[in-house]
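S.K.: With the hints as constraints, model all of the structure from the sequences given.
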Amino acid sequence: MHSEKAHHCLIVGGGLAGLMAARKLHDAGIGVTVLDKGRGLGGRLASRRFSHPEVGEGVFDYGAQYFTARDERFRQELAGWVKAGVARQWSEGFYTASGDLKTDDEPRYIGTAGIRGIAKHLAAGLDTHTATRITSLGYAAKRWELRADTGDVFRGDSLIMTPPLPQIIALLQEAGLAADPALLNRLETIEYRRCIALLALLSGPSAVPPPGGLWCDGNPIRWIADNQQKGISPQAVALTIHAGAEFSFAHWDRPDELVATKLLKAAAPWVKSPVLRYQLHRWRYSQPLSGGTPEYYRTLGAPAPLILTGDGFSGGRVEGAACSGLAAAEALLATV
0 MHSEKAHHCL IVGGGLAGLM AARKLHDAGI GVTVLDKGRG LGGRLASRRF
50 SHPEVGEGVF DYGAQYFTAR DERFRQELAG WVKAGVARQW SEGFYTASGD
100 LKTDDEPRYI GTAGIRGIAK HLAAGLDTHT ATRITSLGYA AKRWELRADT
150 GDVFRGDSLI MTPPLPQIIA LLQEAGLAAD PALLNRLETI EYRRCIALLA
200 LLSGPSAVPP PGGLWCDGNP IRWIADNQQK GISPQAVALT IHAGAEFSFA
250 HWDRPDELVA TKLLKAAAPW VKSPVLRYQL HRWRYSQPLS GGTPEYYRTL
300 GAPAPLILTG DGFSGGRVEG AACSGLAAAE ALLATV
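So in numbering that gives the first Met the number 0, the last one in the sequence shown is 335, and the numbering has no gaps at all.
Hints listed in this document are in silico derivations from the structure and should not be mistaken for laboratory results.
Here the structure is a predicted model, which is why all the values come from computation and not from measurement.
Hints may contain errors.
Claimed, not checked - In the EDC-like style, the derived pairs of lysine to aspartate or glutamate whose C-alpha atoms are separated by at most 16 Å in a straight line are:
1. Lys101 - Asp216
2. Lys36 - Asp151
3. Lys36 - Asp148
4. Lys141 - Asp156
5. Lys261 - Glu245
6. Lys101 - Glu91
7. Lys36 - Asp126
M.R.: What follows is the structure, given as structure tokens:
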């Protein structure tokens, strides 16, 4: 067991990779501080609530919709989530827009009351700071020093960075830490798919077939989920509609009303009931377009431990992000 006084790790990014790394280190006795620019933790483990007087509150998963568990380490973590009541199985497949039911023997899992609940479970008892954007990093007096847009300065003995790779690379280059040009050049080639998510609160039932998920052809819609059928929105029918990458890129800067009108028109066969209220969310770094790198993380030749990890290294799947965070934590534990 390590003493918190002996080592403290700063983790930039409070998505699944960052939280998995933080939980692993914290449970091993390492001090951790998690810093995230968002208003809440979880990254793509994102849930939102809003209401309408006619139907009450709708609950939406609007980032990651479900996840699988193929890696044995991740299965062990998942078993703990299920035991804690924050995750459960949803289905083993979904219908497509053409009416085909595509199933297999692989369970798809969700957050019991919304996928962000898993992030909250992982973050329990950790030192976390949201709405904290890191603007610069440096190394002084044998410690990492991170400055945030809040004016705060955070210091630690080691640093794990989990944001989308373009954001990581920009910070490293600004700090003069681009010590491995070949690696950074390779990481710069990893591009990300954008995704516009439409959250629609309905006055009545949808026509999304059970169990509440529908795969579309991606133009303009890739996925539709009925969060009430999914079991996370008990009061109201709450639809999550994910636009395809091509539509999302082409309409990224278009007005919300125009984007929503086009998506709702395309989704009309499955929306069925009138839309009472909607919101949009734009995911600039929804998923890496490539399958990631052969490694779950990379350690840079910096003055002190500096580990890069996250879904840019794991191909974008929820399980991959989790495993990348675990691998980064294990790599750090082997050095302290």
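S.K.: Work down the list of hints and note, for each, if the structure agrees.
M.R.: Okay, the hints, checked on the actual structure:
no.	hint	result
1	Lys101 - Asp216	14 Å, holds
2	Lys36 - Asp151	13 Å, holds
3	Lys36 - Asp148	9 Å, holds
4	Lys141 - Asp156	7 Å, holds
5	Lys261 - Glu245	14 Å, holds
6	Lys101 - Glu91	9 Å, holds
7	Lys36 - Asp126	15 Å, holds
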